[in-house]
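A.B. asks: Here's the letter readout for the chains.
Protein chains: 2
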Amino acid sequence: MIFVDACFRKKTPYTPIWMMRQAGRYLPEYMEVRNRAGDFLSLCKDPELAAQVTLQPVEILDVDAAILFSDILVIPMEMGMELHFQKGEGPLLERPIRSLDDVEALYDYPEERLGYVYETIGIVRERLPKEKALIGFSGAPWTLATYMVEGSGSKTYAAIKKMVYTEPEVLHALLIKLSEAIKAYLLKQIEAGVNAVQIFDSWASALEREAFFEFSWSYMVEIAQFLKERHPEIPVILFPKGIAGYLDGIYGQFDVFGVDWGTPMELAKRELGERYVLQGNMEPARLYDREATKKGVEEIIEVMGAREGHIFNLGHGMLPDLPVENAKYLVELVHDLTRR
Amino acid sequence: MIFVDACFRKKTPYTPIWMMRQAGRYLPEYMEVRNRAGDFLSLCKDPELAAQVTLQPVEILDVDAAILFSDILVIPMEMGMELHFQKGEGPLLERPIRSLDDVEALYDYPEERLGYVYETIGIVRERLPKEKALIGFSGAPWTLATYMVEGSGSKTYAAIKKMVYTEPEVLHALLIKLSEAIKAYLLKQIEAGVNAVQIFDSWASALEREAFFEFSWSYMVEIAQFLKERHPEIPVILFPKGIAGYLDGIYGQFDVFGVDWGTPMELAKRELGERYVLQGNMEPARLYDREATKKGVEEIIEVMGAREGHIFNLGHGMLPDLPVENAKYLVELVHDLTRR
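These protein sequence lines are chains A and B, in that order.
Counting from 1, position 126 in the first sequence corresponds to residue 126 in our numbering; the numbering is continuous, with no gaps.
Counting from 1, position 143 in the second sequence corresponds to residue 143 in our numbering; the numbering is continuous, with no gaps.
Treat the hints as calculated values from the structure; they're not laboratory data.
None of these values were measured; they are calculated from a predicted model.
Do not rely on the hints blindly, as some may be mistaken.
Because identical chains share one entry, a pair is satisfied inside a single copy or across any pair of copies.
[To be verified] Think about it this way: if two alpha-carbon atoms lie no more than 20 Å apart in a straight line, the pair counts; the simulated DMTMM-like pairs of lysine to aspartate or glutamate are:
no., residue 1, residue 2
1, K155, D5
2, K162, D39
3, K295, E112
4, K45, E32
5, K183, D108
6, K155, E89
7, K269, D248
8, K294, E214
9, K188, E48
10, K155, D321
11, K45, E112
12, K130, E59
13, K10, E167
14, K188, D101
15, K162, E210
16, K162, D289
17, K295, E210
18, K295, D336
19, K87, D39
20, K162, D321
Make a model of the complete structure from these sequences and hints.
C.D. replies: Have a look at this one:
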C-alpha cells in the first residue's frame, strides 16, 4: 500500500493523500446516508452505514486511504458518560468529571463495548481496494479529558486548566485511565484490520509548553510505544494540533507527525523531518478556490519534495461547505505533480 | 514612567507588570460598577464609570500601567453595525459584511463618534498617579474584520476565510478602511493622554502564515509606523495571538511585541528579543494556584532576566473566576524578584 509505504519513508510512485474529515457533510452522498441513519451517533453505531461513508471518499475522490468513520467521543460515552450532539452547538457530555470519585466511577473497559467500530472496520477492509489503506483512530487522552472535564467545547478551557494547576493528580488519574482504554481500543482496531492508526490531539494547543509535555504528549507517546512494540508493521501517526512553538521538544517512538496549517511545513521539516515522516498541511479554506488550492499544493510540494517523507493532507478537517470538485482537483493535482 | 521606560528598553528599578483584562469580572469592585452601569456597553460609554474600572487594578493590585477600559468592537459599532452582547454567547454584530457594497456602506470616521473614550482617558490620566502609565488600545484590522464578516465569534472562521481565498479584494477594502479608522482613533487616544498603545490581534492565529502576513501583519505594522512617525515618544505594542510558527517573519517599526502563553518566551527571545522588547507571557490559569503562579513567574524571569527588555504580563486575558489574592501575589512577586 502506497500510504503505508509512505508512512515508513519508503519511496512511492507518488505522494499519497487523504484528508481529515474526508467523510463528511461536504459530500452529498454522505448527507444521504446520514439522513438515512437519523442522527450522527446512530450513523457511528451502524456498521453497514458507517462503512459506506468510510468508503465514499475513496470512491469519489480517489484518496489513498480511507479513515474509519466514527467519533472520538465514543470512548467517554462507552465509559458511561451521556453524550448528546446538539445542532450547531457541538457535542455535550452530561455530568462532567470534576473529582477523583468521578474518575473512578468511569467504566474501565470501553473497548469491550465498541464492537460496532470493529465491525465497521471489517466491512470496510473487505470492500476497500487492496492498494488503499484503512486508517483507524482515537482521540488523544488530553483531548478526551478536556471534553470530559469541560462537558462541551470551550473557548477558555478554564475547568480543565484549573485542574492542571490545582489538582494535577485527579487529571493524571483520568489520563491514565483514558490511555489504558485507548491502547486496548487501538489494539482491537488493528486486530479488526486497520492498516495504520492516528491519534488526534485536537486541543493540544490549549496547553502551555510545559503542561503540554506533561499532560498531553507523554501519554500520546506512551500509547504509540505500546502499539509499536506489539505491531511494528502498523504505522502510528500523532497529530497534536496547534503546537508550532513546541516542536523542538517532540520525542518518542512513532512514524508520522501530523502538521496542522498553523505550523509552517518548512518549520516542521527543519525540526522534525529527519526523524518523522510528515503529514499535512494545506489550509482547508484554500479549497474554496481552485487557484488558491493549486498555489497551496505547489508551495507544500516545493518544501517537502515528492514521493518520500511526506503524506499530503489538509492541516485540519474539511469544512462542510467546501466544493467537492475542488477536493477532487486537489487529489488529482497532488498525484500528478508528484508522480515520477 | 517605569512602564514607558521599559517599552524603550531603558533600565528600570524592577520589571514592570500589567495584566490583559486586569479590569474585569474577577474583581468584586468591577462587578459593583458594572452592575451600576447596567450592561457592558453602557459601562464602556460612561466616561466616569469606565474611568473608575480602568483605575481599579492600579489601586488594588499595584500594577505599573492601567489599560483603558473599553471594547475592541466600538469601532465596528461606530461604523454603523449593530452590536449586542449576549449572555454567555459573546458579542454579535448584526448584518455581517459580505460584499464590497457592505464595506462601502460603513461610516468612514468612527473616531469622531468615540468621544466617550477620549473623555474616559482624560479622567483616568488626571486621577492616575504620575508614575503609572495609561495604555490605550484598539483591535487590529484583521480581528475587527473577522468579527464584522463572521458576525460573531467563530470556531472555523469559514466566512472570512472564504473571503481570503475567493474575494481578497473585498477583504482588503475592509482592512484598509479599518486601518485608516484605527490610525485616527489611536491618534486621538494619544492626544487625549494615553502613554502607550497596544493593538490586539486576538484572531491572528486564524490565518496560515502567508495569509497572516498579507491580511493581518502588514496592516498592523502600517498603523504602528503611522503612529511612530507622529509620536515617537509613545510606545507601540503589537500583540498577534497564537503565531508561534511565524515569528521568524515578524518585521516593522514598533517597540514591544506581546507574547501569548502558547509561544514559549525562550523562542520569542531567540527570534525577536534583540529587535523588540517582549511583553508576556504567563498562562493565566496558573493564577488558580499560588505555587503554580510562583513557578510560572520564576521560569519567565529566568529566561528574560530582570529590569531590561521585558514587561511582565499574562499570555492572555484574566479569567473571570481567578482569585484576586493570587493576582496581587503575582504583582508583588514580579516586583520583588526583579528589584535591583
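A.B. asks: Each of the hints needs a verdict: does it hold here or not?
C.D. replies: Verification of the supplied hints:
1. Proximity of K155 and D5 under a CA criterion of 20 Å is satisfied in neither setting, with 39 Å inside one chain copy and 35 Å between copies.
2. Taking the closest pair of Cα atoms, K162 and D39 never come within 20 Å of each other, the shortest separation being 34 Å inside a single copy and 28 Å across copies.
3. Within a single copy, K295 and E112 get their C-alpha atoms no closer than 46 Å, and across copies no closer than 42 Å, so neither meets the 20 Å cut-off.
4. For a Cα distance limit of 20 Å, the shortest separation of K45 from E32 inside one copy, 17 Å, qualifies, whereas the shortest one across copies, 51 Å, does not.
5. Proximity of K183 and D108 under a CA criterion of 20 Å is satisfied intra-copy only: 12 Å inside one chain copy versus 58 Å between copies.
6. When the C-alpha separation of K155 and E89 is checked against a cutoff of 20 Å, the pair qualifies both within a copy, at 13 Å, and between copies, at 11 Å.
7. Both within a single protomer and between protomers do K269 and D248 lie at most 20 Å apart by alpha-carbon distance, with minima of 11 Å and 15 Å respectively.
8. For the identical chains of this complex, K294 and E214 are inter-copy neighbours only, at 18 Å across copies versus 39 Å inside a copy, given an alpha-carbon limit of 20 Å.
9. Taking the shortest alpha-carbon separations for K188 and E48, only the intra-copy value of 19 Å comes in at or below 20 Å, while the best inter-copy value is 65 Å.
10. Taking identical chains as interchangeable, the C-alpha atoms of K155 and D321 lie at most 20 Å apart only when they sit on different chains, with a minimum of 15 Å there against 23 Å within one chain.
11. Only within a single protomer do K45 and E112 lie at most 20 Å apart by alpha-carbon distance; the minimum there is 14 Å, versus 59 Å between protomers.
12. For a Cα distance limit of 20 Å, the shortest separation of K130 from E59 inside one copy, 13 Å, qualifies, whereas the shortest one across copies, 71 Å, does not.
13. Taking the shortest alpha-carbon separations for K10 and E167, neither the intra-copy value of 45 Å nor the inter-copy value of 41 Å comes in at or below 20 Å.
14. In this homomeric assembly, K188 and D101 never come within 20 Å of each other (Cα to Cα): the closest approach is 28 Å inside a single copy and 56 Å across copies.
15. For a Cα distance limit of 20 Å, the shortest separation of K162 from E210 inside one copy, 15 Å, qualifies, whereas the shortest one across copies, 35 Å, does not.
16. Taking the closest pair of Cα atoms, K162 and D289 come within 20 Å of each other only across two copies (8 Å); inside a single copy the shortest separation is 42 Å, beyond that limit.
17. Proximity of K295 to E210 under the C-alpha cut-off of 20 Å is restricted to the inter-copy arrangement: shortest distance 11 Å between copies versus 36 Å within a copy.
18. Taking the shortest Cα distances, K295 and D336 sit within 20 Å of each other inside one copy (14 Å), while across copies they are farther apart (53 Å).
19. In the homo-oligomer, the alpha carbons of K87 and D39 lie at most 20 Å apart inside one protomer (10 Å), although the nearest pairing across protomers, at 29 Å, exceeds that limit.
20. Taking the shortest alpha-carbon separations for K162 and D321, only the inter-copy value of 10 Å comes in at or below 20 Å, while the best intra-copy value is 36 Å.
Of the hints listed earlier, those the structure fails to meet are numbers 1, 2, 3, 13 and 14, in rising order.
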